[in-house]
Structure formats: structure tokens, C-alpha cells
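Protein chains in written order, with this note's numbering: chain A, 1 to 213; chain W, 1001 to 1216.
For the record, the hints were derived by calculation from the structure and aren't laboratory data.
Note that the Cβ used here is the ideal one computed from N, Cα and C, for glycine as well.
Wrong hints could be hidden among the right ones.
Subject to a maximum C-alpha distance of 27 Å in a straight line, what follows is the list of computed DSSO-like cross-link-like pairs (lysine-lysine) [what the hints assert, rightly or not]: (1) W/K1168 <-> W/K1033; (2) W/K1080 <-> W/K1168; (3) W/K1138 <-> W/K1168; (4) A/K130 <-> A/K173; (5) A/K130 <-> W/K1168; (6) W/K1033 <-> A/K99.
Which stretches of chain A does chain W cover? Using the computed rule of at least three CB atoms under 8 Å from a CB of chain W, they are [unchecked claim]: (7) 27-35; (8) 61-70; (9) 93-100; (10) 142-155; (11) 168-177.
Only some residues are given here: those of chain A computed to face chain W with a beta carbon under 8 Å [said to hold, decoys possible]: (12) M10; (13) P15; (14) W45; (15) R52; (16) E77; (17) R103; (18) W188; (19) D196; (20) R197; (21) S199; (22) F203.
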Amino acid sequence: MSSLHNLGGMQGFGPVWTTEEGTAFHTDAERRVFRLMMGLMAGGWCDTDGFRAAVEQLPAQTYVRECFPMNYFLGMEQQLQERGLIEPGDLEAWMHGTKPAGRPTVPPPIMADGSEPPEPARFRVGDRVKVRAFDTQGHNRLPNYLRGQVGAITAERGLSDLPDALAARAGRKPRPVYTVEFMARDVWGSHASAGDRLSAEIFQDYIEMAVME
Amino acid sequence: MSAEHEHGHDHHDGHSHAEWHTTPPPEIELRIKAMESLLVEMGVIDPAMLDGIVDFYERQVGPRNGARIVARAWADPEFKARLLADPQGAVAELGMPGISGDHVVMVENTPATHNMIVCTLCSCYPWQTLGLPPVWFKSAAYRSRAVSHPRDVLREFGVELPPETAIKVWDSTADTRYMILPMRPAGTDHLTEDQLAGLVTRDSMIGAGLPSASAP
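Let's have the full structure, built from the sequences with the hints guiding it.
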């Protein structure tokens, strides 16, 4: 299962376009939403994984409009509703001068304190690994185009909490992360140039040792 | 979102693209403003602190910081060696805002290999050295085809690589943030470090472009 955000290898979005250098924000809305996000992240009301999951779960026809401040705002609003800070109808009421009452003043905990012990590293640089075709309904950080592909580990990147579990509020699960390199022709077929390569950071949960043929 | 569904902007006009992708429908714009004023009223966010954060990203970090790093690496081989081995430590030498937090890795372009960065899942980007990601870096057009058709994408950016140069695309899917160290253009031996920094474009540090060939 996948959402539209998992874009690698799709087509139909037209040629790339660029922007001039030197402008951090193009519109007032873009600046406002960035400010809000920074404040809510700093205050503990929003978190990266929950926010990403919320944006990924937007209806595809909203996401595909690619209005980035809108998508981020809607993801942020969803998070604030989950945390009990904002309820449906609050913004309309506030536009008419009524401030919501009885809301938390500090963010409620997202999940239980503490962490699972770190999972030991099962792979090393040079290992050939296969990306598992596991079925996941929720947030994860595995590009679809790499499912089932075989690549080689080129770097160990230490431990990170598994984003799938963070987004599902299932606790902190520190896992080894590896940089894995793939040959573009293995992934895309003969249209790719022979020497071209792809590289991605992959959580240990997403890979298994490749069986030598 | 009704009338705004017309995505009818000119594909060669970066300005209108940027406006389109950062202008919400009016009803969303109103909700953004209402959310902001409500959260200030509730004491959830502090406008003065937020102004400071915005100022930091508008004025203190950005691609000119990355350009200074690249120019120093071009001018000073020992700095370059330190930069490739320990980006955090080397960047701290330049007295720019630190790059703690996400792990930054420098990737060097060579005649044999051209490197490109993408985040196919969202918009992960080396904020600490290049500032906030450009709008096109978040776009579906770039994220979808940078991995599958990198040569076509580079051509659309106006870059034609020799066929013998292999391309390596780095998809930023976890906590590592990549920045490209582009190749120093030929014929620039006489330039000062400041002049070299002027050749380093933002896109060249993403791998979507090359440095300018001559001083601006």
C-alpha cells in the first residue's frame, strides 16, 4: 500500500522547473506556515514523523495540487486535532471572536516514555541485501521503487528510531540505518545508463540478506 | 480549490511556478491566519521567537553559505580533505552557523561520477548549509523522475553530461543530509576564493546544475 507522496519512478508530472536563488519564501502564506510549524515543533505540539504521516494521508486530489503551504497546514491542523489543542469548528468560531476553552496548555505525551533497547546491527558494509516487500499500511520511509531490489551496503549510519513506529505512536525502536546502493539498470531496466547508480538510507527492518544465486 | 485547478502556468517561468505552489486557496489562507492568531492568543506560540527563526532562515543560512564551503574546498586541498572526512568540523572553521542535528555528508563530483540529491518521499534537504529547499526540490516533477530519468531531468535543467560520466542519485530517506561538492570549473586558477564562491550555484550543490563557467 502506498500514498501519492511516494513519488520515485512515477511519471506524468511534466518537465522539471526551477526557481531563482535567493528567496527563502515566495508568498506570505509560505512564510506564515513555516513560522507556525517551527513554533509548534519547538513547543512539542507537532513532531516530524506524525506530521509527515498526516501530510501523506491527505486525500490524493489535495496532495497532488502541490500547494506546499496548504498541505503542511492541513497536516499541522490534523496533528493539533490529535493532540486535543484544536477541534473542528474552532477556527470558524475564532474568526467570529470566540476563543475555545478548556484546552491543554502543555502538549500531552505522544506515547509512553522510554525506548526499546537498540537492535544490534545485522549487516555490514559490503553485504548484499534485498529490500523486503513487506505490507505496510501506515507511514514508513521506504521508497516504493526499491521494493524487492538487491543492493550493496555502502555505509552504516548509526541508529535512528523506526519512523513507522513513531508515526503509529508505538514507541521508540532504535534501529540500525544503512546506506544501500543499487544499480539503476537493476531497478529501471535497460533505459537506464549502464554505470548509473541509486543510493538510499534504509532501516534494518526493510532489508534481509540477499540469497546468492 | 475550484478554479485554481488550472495548472496553466508556463513551464519555463520559475516565478509563476513558485507562486502557484505557494499560494493556497483563499479559504485556506484565511484558516492559516486564523490558526496563527488563535495560537498566539492561546499562548501556544511566541511571535517574537518565531520572527527570530524566520529571520535566521531568510538571512543567516542559505546557499551562499554552501558556496563559501565549496569555494574554500576548491582553494584549499587540506580543507577539502577535512570537509570530506568531517563536514561538521570543517564547516565550523568557517564561522557560519553550526550544522549540528541531522548528519551532513559531502559527496564529491568527479569526471567519472556526477552526484544528485533528491528526497522522493518529502523534501529532506541540507538546511544547515544550503538553507530551506527551493520549491522545485519539493515538486512531484523533480521527485518522481530524478531517480528514474536523471539524464532527462538534468537536460531539462540545461545540463548535458558526457555519456561516460555515470550518475549517482542519493535519495534522502532517513537522517543523513547530502550536499554535493561540485567540480571546480577549468580556467579558474587566477580567481580569489570570493570570486570562486560566486561561481557556485545553489543547483550545483544539489547536483541539478553545474557551477558557472566564468565569474559573474
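Check, residue by residue, whether the stretch 61-70 of chain A contains three or more positions whose beta-carbon lies closer than 8 Å to a beta-carbon of chain W, and give the verdict. holds (count 8)
When I compare C-beta atoms, does the stretch 142-155 of chain A have three or more residues closer than 8 Å to chain W? Holds, because 3 residues of the stretch 142-155 of chain A bring their Cβ atoms closer than 8 Å to Cβ atoms of chain W.
Hint check, A/W188 versus chain W [nearest Cβ-Cβ separation less than 8 Å]: 5 Å, holds
Min Cβ distance, A/R197 to chain W: is it shorter than 8 Å? 4 Å, holds
Quick check: the stretch 27-35 of chain A, covered by chain W? Criterion 3+ residues, Cβ under 8 Å. holds (count 8)
Against chain W, run the beta carbon of A/F203 and see if the smallest gap drops under 8 Å. With a closest approach of 7 Å, the A/F203 hint holds.
Close enough to count: is the Cβ of A/E77 nearer than 8 Å to one in chain W? At 7 Å from the nearest chain W Cβ, A/E77 passes the 8 Å test, so the hint holds.
Hint check: W/K1033 vs A/K99, CA-CA at most 27 Å. Holds or violated? Distance ~15 Å between W/K1033 and A/K99 Cα, so the pair holds.
Chain W contact restraint for A/R103 - C-beta distance below 8 Å: 7 Å, holds
Does the structure keep A/K130 and W/K1168 at a Cα separation of 27 Å or less? 19 Å, holds
Can you confirm whether chain W covers the stretch 93-100 of chain A, using C-beta to C-beta distances below 8 Å and requiring at least three such residues? holds (count 4)
Just to make sure I understand the rule, a stretch counts as covered if three or more of its residues have a C-beta closer than 8 Å to a C-beta of the chain. Does the stretch 168-177 of chain A meet that for chain W? violated (count 1)
In summary, the structure is inconsistent with hints 1, 11 from the numbered list given earlier, while agreeing with the others.
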